[in-house]
Structures are given as structure tokens and as C-alpha cells.
Amino acid sequence: MIRVTRKIEFSAAHFYHNPDFSEAENRRVFGKCANTHGHGHNYTLEVTVAGEPDPATGMVLDLKELKDILQREVGDRMDHRHLNFEVPELAGRIPTCENIAVAIWKLLEPKITRGKLDRVRLYESPDLYADCTAAESTGGRG
Amino acid sequence: MRQALKVSLTRRYRFAASHRLHRPEFSEAENARVYGKCSNPHGHGHNYELEVTVTGAVDPATGMIANLGELDPFVERQVVEPFDYKYLNEEIAEFAENVPTAENICREIYRRLKSFPAARVERVRVEETSKNSFEFEAMASEQA
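As you go down the protein sequences, you meet chains A and B in turn.
The first sequence begins at 5 in my numbering and counts up one residue at a time.
The second sequence begins at 83 in my numbering and counts up one residue at a time.
Everything labelled a hint here was simulated from the structure, so no lab data went into it.
Check each hint, because a few of them may be wrong.
[As the list claims (entries may be wrong)] Chain B regions said to be covered by chain A (calculated; three or more residues, Cβ under 8 angstroms):
no.	segment
1	88-94
2	147-153
[Claimed, not checked] Cβ-Cβ distance ranges computed for the label pairs, FRET-style:
no.	chain 1	residue 1	chain 2	residue 2	range
3	A	A60	B	G151	50 to 56 angstroms
4	B	S197	A	T48	27 to 33 angstroms
5	B	H124	A	D58	55 to 61 angstroms
6	A	E93	B	R96	30 to 36 angstroms
7	A	R76	B	H126	48 to 54 angstroms
Where a beta carbon is used, it is the ideal one built from N, C-alpha and C, also for glycine.
Construct all of the structure, not just a fragment, from the sequences and the given hints.
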């Protein structure tokens, strides 16, 4: 089995706010991220697809095809957008690194038809990233 | 059917420390042979980069596995503050007996972090230089 990873970058704004929390609680839990004017990051997304190379092409999948999927599903949706207001897949969710990674997994998973989506790694900064993978089948946990 | 997903969060920290790889029970020649330059009696240092990975359920109220407002001060208190600008052989009790190789540093850091209350510490990764890195992964059965 071979893993192929492709990277794209996008820049977006967000803030963290839970309407069920008081303002004081929002500030306590989310700190600077609770500023409702929002702030932004340069996100780096690494998407890994696993599979066996096609003997005819030597490729697990065509990287150009993967690049186009990433651009269409993630770049076009999220680049230079406000994640709290403009991305329906994140509606009702706090746009943390964890939740964005899960939303990206759900967007990409059905679109990867050659090989299998293996990992979504989303860097919010060089010092922080979230990984989303398929849980090992342990009876529905995770 | 909804696919079960696993989510982890990885945070990067830094500390600078000195160490010496040397075993008193080895002869000088043996220390020199096994550890080479790393056995220099005066020690040497590195800018260590540390990655800490936590896993667990994403809390719907916060969208988080672990709040960095809790993880950062915990790692700071347990590892960065005690290790940063220190001579590991003499200032970290664990390394009085064990050689502070990056492998052993990984294990010691995991030992210091595994009690993190909010999420499971799954992996500790140490980059000693940009050319080498070391990982310690908690066994699936290992509970915080």
C-alpha cells in the first residue's frame, strides 16, 4: 500500500463563540479566539490517499485530479472566507482546527474514487494541527 | 452508515537544553566508540522541538479535543519549564541514571504528560535537530 499526500493552502477568518455560554464564559473558555470581530490564519491542508498503484500508470491516483478535488471542495469553499458565516458545512459548529478537519474529511471522502482517503491533516499554524482519520473498527467508538 | 472518525490535535513546543551521552560503567574508549562526539565531557546542546499529540472526543460545546488554554500551561509546567536552558544529565532526576538520548527524552516527556486530565496523550515526538526525530507512541491500552 502506498500513501500519496498533496498539500494546499487557504486563508480564512474565524472566531469561537458558543451561544449557550455567557459572554464571560466564552471569554474564559476561548480566550482571544472569542473576539467576535474574528481573526484569521493561513491554513495548510495535507491530504493523504492510500492505495495500490495502478500497474498501467504507476499511480495510486492522478495528483492533478486530487489537486482539482482539493481546490473545488476546499479551496473554493474556504479560501478568503469567514468560516463562521460562509461555509455551510461548519454551520452550528465552532470552527476549530478539529471541526474543520472533520468537515474537510466529510467533503473529500466521497470524492476520492481512486484509492482511499487516509488522513486529513490541517495546520492552523506551524505549531498546531489536527489529524482526522478513519477510526479503527472497534465497535463504533470515535 | 456514518463512518467513525478519529481526530487528534498536535501542538508544537520548544526548549533548548544541553546533555552528554555517557555511561559511567563503560570505559572511556567504549563511551567514545558508542557515543562519539556526544560523549564530550563538557556536554553540548540542542534546540529541541517537541510535538505533543492528544486524542479524544471533540466536545460539541467547544469544538475541541483539548483546550490549548489547559494543554499549553500543563506542558509548560511539566516539561518546558523544567527542561528549558538546563543540563539534562544533572538537572532532571530521571537522567541521573538513564542516558538522555532523544529516545529516553521522549519516554520521560510522555511520563510527565500522561496524566493530562482533559484528553489522552497519544504521541510524543522530539526533533533533536532538523535532521533527526524520535517518537514515542502510547500503547492503545495505556490510560492517562
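Hint-by-hint comparison with the structure:
Chain A is given as covering the segment 88-94 of chain B, and this holds because 7 residues of the stretch bring a CB closer than 8 angstroms to a CB of that chain, at least three being needed. Counting residues of the segment 147-153 of chain B whose CB lies closer than 8 angstroms to any CB of chain A gives 4, which reaches the minimum of 3, so the coverage claim holds. A hinted range of 50 to 56 angstroms for the beta carbons of A/A60 and B/G151 is consistent with their spacing of about 52 angstroms. A hinted range of 27 to 33 angstroms holds for the C-beta pair B/S197 and A/T48, which are about 32 angstroms apart.
Under the hint 55 to 61 angstroms, the C-beta atoms of B/H124 and A/D58, about 57 angstroms apart, fit the expected range. In this structure the supplied range 30 to 36 angstroms holds for A/E93 paired with B/R96, their Cβ-Cβ distance being about 34 angstroms. Under the hint 48 to 54 angstroms, the C-beta atoms of A/R76 and B/H126, about 50 angstroms apart, fit the expected range.
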